[in-house]
Amino acid sequence: MTSIAPVRVDAPVVPAGTVPASQPPKGRKGLVVTLLLIVVALFWISPLALLVVTAVRPLSDFIGNGPLSWPDAFTWSNFKDAWGIGNFATTYRNSALLALMKVPLGVLVSAMLGFALAKLRMKFRRTVMFSVFLGLTIPIYITIVPVFIMMRSAGATDSLFGLLGPYLAFGIPFEVLVLQSFFRQIPDEIFEAARVDGAGDWRIFFTIVLPLSTPALVTVAILDAVATWNEFLFALILLNSDANKTIPVGLLNFQGQFANNNTGLAAGILIAVVPILIAYIVLQRWIVGGLTAGATKG
Amino acid sequence: MATVALTKPAKPKRGGKWSPWLFALPALVVYVAFLVYPALSSLWFSLTDWDGLSATYNFVGLDNYVKLPSDPVVATAVRNNVIWTVVTIAFPTAIGLALAVALNGKVHGKPVLRLIFYTPAVLPLVSIASIWGWLYNPQYGAINSFLRLIGLDGLAQPWLGQDSTALWAVMVPAIWLRTGFPMLLYLAALQGIPKELYEAATVDGATRWQQFWQVTMPSLRPAHYIVLALSLIDSFKVFDMIYAMTYGGPGTATQVMGTWMYANVFQYYQAGYGTAIAVVITLVAIAVGIPYVRSQTREAS
Numbered sequence: 001m002t003s004i005a006p007v008r009v010d011a012p013v014v015p016a017g018t019v020p021a022s023q024p025p026k027g028r029k030g031l032v033v034t035l036l037l038i039v040v041a042l043f044w045i046s047p048l049a050l051l052v053v054t055a056v057r058p059l060s061d062f063i064g065n066g067p068l069s070w071p072d073a074f075t076w077s078n079f080k081d082a083w084g085i086g087n088f089a090t091t092y093r094n095s096a097l098l099a100l101m102k103v104p105l106g107v108l109v110s111a112m113l114g115f116a117l118a119k120l121r122m123k124f125r126r127t128v129m130f131s132v133f134l135g136l137t138i139p140i141y142i143t144i145v146p147v148f149i150m151m152r153s154a155g156a157t158d159s160l161f162g163l164l165g166p167y168l169a170f171g172i173p174f175e176v177l178v179l180q181s182f183f184r185q186i187p188d189e190i191f192e193a194a195r196v197d198g199a200g201d202w203r204i205f206f207t208i209v210l211p212l213s214t215p216a217l218v219t220v221a222i223l224d225a226v227a228t229w230n231e232f233l234f235a236l237i238l239l240n241s242d243a244n245k246t247i248p249v250g251l252l253n254f255q256g257q258f259a260n261n262n263t264g265l266a267a268g269i270l271i272a273v274v275p276i277l278i279a280y281i282v283l284q285r286w287i288v289g290g291l292t293a294g295a296t297k298g
Numbered sequence: 001m002a003t004v005a006l007t008k009p010a011k012p013k014r015g016g017k018w019s020p021w022l023f024a025l026p027a028l029v030v031y032v033a034f035l036v037y038p039a040l041s042s043l044w045f046s047l048t049d050w051d052g053l054s055a056t057y058n059f060v061g062l063d064n065y066v067k068l069p070s071d072p073v074v075a076t077a078v079r080n081n082v083i084w085t086v087v088t089i090a091f092p093t094a095i096g097l098a099l100a101v102a103l104n105g106k107v108h109g110k111p112v113l114r115l116i117f118y119t120p121a122v123l124p125l126v127s128i129a130s131i132w133g134w135l136y137n138p139q140y141g142a143i144n145s146f147l148r149l150i151g152l153d154g155l156a157q158p159w160l161g162q163d164s165t166a167l168w169a170v171m172v173p174a175i176w177l178r179t180g181f182p183m184l185l186y187l188a189a190l191q192g193i194p195k196e197l198y199e200a201a202t203v204d205g206a207t208r209w210q211q212f213w214q215v216t217m218p219s220l221r222p223a224h225y226i227v228l229a230l231s232l233i234d235s236f237k238v239f240d241m242i243y244a245m246t247y248g249g250p251g252t253a254t255q256v257m258g259t260w261m262y263a264n265v266f267q268y269y270q271a272g273y274g275t276a277i278a279v280v281i282t283l284v285a286i287a288v289g290i291p292y293v294r295s296q297t298r299e300a301s
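If you read the protein sequences in the order shown, they are chains A and B. Each residue of the first sequence is one higher than the last, beginning at 1 in UniProt numbering. Each residue of the second sequence is one higher than the last, beginning at 1 in UniProt numbering.
No lab work stands behind these hints: they were computed from the structure. Glycine residues also receive a C-beta, built at the ideal position from the N, C-alpha and C atoms. Treat the hints loosely; a few may be bogus.
Straight-line C-alpha distance at most 20 Å; calculated SDA-like pairs for lysine to any residue [stated by the list, open to error]:
1) A:K123 with B:L22
2) B:K106 with A:I38
3) B:K67 with B:E299
4) B:K17 with A:R121
5) B:K67 with B:L43
6) A:K119 with B:A300
7) B:K110 with A:L35
8) A:K119 with B:W21
9) A:K29 with B:G109
10) B:K17 with A:F205
11) A:K123 with B:K17
12) A:K119 with A:D188
13) A:K29 with B:N104
14) A:K119 with B:K17
15) A:K119 with A:T214
16) B:K110 with A:V32
17) A:K119 with B:E299
18) B:K17 with A:M122
19) A:K119 with B:S19
20) A:K29 with B:A206
21) B:K110 with A:R285
22) B:K17 with A:K29
23) B:K110 with A:V40
24) A:K123 with B:K110
25) A:K123 with B:S19
26) A:K119 with B:W18
27) B:K110 with A:G30
28) A:K119 with B:P26
29) A:K123 with B:P26
30) A:K119 with A:F191
31) B:K67 with B:A263
32) B:K17 with A:V196
Estimated spans, in silico, between C-beta atoms of each pair [unchecked claim]:
33) B:T202 with A:A96: 53 to 59 Å
34) A:D242 with B:D163: 32 to 38 Å
35) A:S69 with B:F212: 41 to 47 Å
With the rest of the complex left out, here is chain A (with noise of 0.2 Å):
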């Protein structure tokens, strides 16, 4: 849907941070190495560095001394202006809804459909895989007009329950391909012993496949959760009213807003980025798992 691009999960996602033997650095040439990145890290991640400073200043002392100065006082003030003037609490509440009704059913739907493709005999199985990750090329805005018109025909413009299809429908292509190329390494033996015992479809599925298959999903969910959080272009047709917008279109208004108050703007972009910064951080052995045990297979 957005930032995060698609790769298969071939083996059982490993925490990333298991993976690599290196040896220990040792050596001058390590440390000339190490150093240098250390100065490209720096330089990659100022823009946040120096959004953090700017954003605890106040906006006199930003003017005063300049974008690049140390600050000569602290303040809290401006996470209080941006978070009522950005509307903050609202959009918050409704990206976090969204979210939490649109990842655990895309994830669902994605590992039915996944498991009948890579486990159950179906007909038309390539066709239907093949329309399925054909999805993966299409771009959000050939949609857009009709998606506008289906909404509001149904009178689910301006409501976070119409941004629910679309979301899904645009998940669904990478869940798909991740989620049912997981499935196949499960050996057949076990379903095979699991028929035997009597158990349907639905049984193997919810008591064998999907237990088996944690890190896939969670690796999956958390990506999932990651573009929803992000989507913007569906959010900015299809939302009116400030009580329903989501993060992206509500930082889109809070810039124009404070476009003269640049310490305020600081704190609004750090709210709305804080909690996925955060996210990321704790989980990044799975996204960082997730994303790359596609690359290291042909």
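With chain A held as given, fit chain B onto it using these hints.
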């Protein structure tokens, strides 16, 4: 006396011919209703003169498509789309590969460094646009302040506000955002190259530089393919970043097909024409993406 099994083994339950479809149905219904059907009905709207508001509209055949080549903004948008695609693939891939090779060596603090380089990729595009819009601010932005600080006052300029720099100024954050993904992929792929290959090359007297081109690059071919395919698919979808940073401006300097489509539909009330623009770029995106989609399907069969 032979004991005969009295009970036949339970007949494996197959769940019937329809069972797979019951699993497939929920996702397929949603997919068709909210992606396939809207995409196809856009094909129809692109053949009409609908303004996006009226209850009625006329079928105009291919008129909208015929108009496209003579629209100067479309020419700009196509050119910008091509520049965007080349630049936001070439730079992130090259920088990502360089970082991956460096990180794969004997380096301290690898997890933290990797975390930092991938961070921009998880941020909402709108927030990235806000951050960089703020850095580019002519008067209070950090970039101009820095230039003044090091005495290059002459270089300080309204980066997003003038035709000559706007497109490049929008691409810089895109590079910042898109470098993390190739870096992660290459890093994982590099860790999968057998050490023996390098040992053999060393025995043969290959220099580090030769080893990179003779051993590393060929071994990375699958990773190159994935990076290239996914970046191409992603590039054609560009919308959020440009919309949020410049709205296609100044003038039409940063228009791409996605933003020009949006402007036509929601600003100029030419839904039919705007949809035709979307159809064209989607067809290109599909054509570019099909080899990747086919390879994924083939592997799964």
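- Query: Keeping to a limit of 20 Å between CA atoms, is the pair of K123 (chain A) and P26 (chain B) held or broken?
  - Reply: Given pair K123 (chain A), P26 (chain B) holds - Cα atoms ~17 Å apart, limit 20 Å.
- Query: Between K17 (chain B) and M122 (chain A), does the CA-CA distance stay at or below 20 Å?
  - Reply: The given pair, whose Cα atoms are some 8 Å apart, holds under the 20 Å limit.
- Restraint check for K119 (chain A) with P26 (chain B), where alpha carbons must lie at most 20 Å apart: Within the cut-off at roughly 17 Å; holds.
- Message: So if I understand the rule, the pair passes when the alpha-carbon distance is 20 Å or less; does K119 (chain A) with A300 (chain B) pass?
- Response: holds, 11 Å
- Query: Is it true that the CA of K17 (chain B) sits at most 20 Å from the CA of R121 (chain A)?
  - Reply: Given pair K17 (chain B), R121 (chain A) holds - Cα atoms ~8 Å apart, limit 20 Å.
- Between K110 (chain B) and R285 (chain A), is the straight-line Cα distance small enough, at 20 Å or below? The given pair, whose Cα atoms are some 13 Å apart, holds under the 20 Å limit.
- Message: Quick check: does the Cβ-Cβ distance between T202 (chain B) and A96 (chain A) fall within 53 to 59 Å?
- Response: holds, 54 Å
- Task: Mind checking the alpha carbons of K67 (chain B) and L43 (chain B) for me, to see if they're no more than 20 Å apart?
- Result: holds, 16 Å
- Message: Does W21 (chain B) sit within 20 Å of K119 (chain A), going by the straight-line distance between their CA atoms?
- Response: holds, 12 Å
- Query: Is K110 (chain B) close enough to V32 (chain A), meaning Cα to Cα at most 20 Å?
  - Reply: holds, 14 Å
- Query: Under the criterion that the straight-line Cα-Cα distance not exceed 20 Å, is the pair K119 (chain A), D188 (chain A) satisfied?
  - Reply: It holds: about 8 Å lies between the C-alpha atoms, which stays within 20 Å.
- Hint consistency between K123 (chain A) and K17 (chain B) [alpha-carbon to alpha-carbon, up to 20 Å]: Holds - the C-alpha atoms of K17 (chain B) and K123 (chain A) are around 9 Å apart, at most 20 Å.
Consistency note: the structure conflicts with the earlier hints numbered 3, 22, 24.
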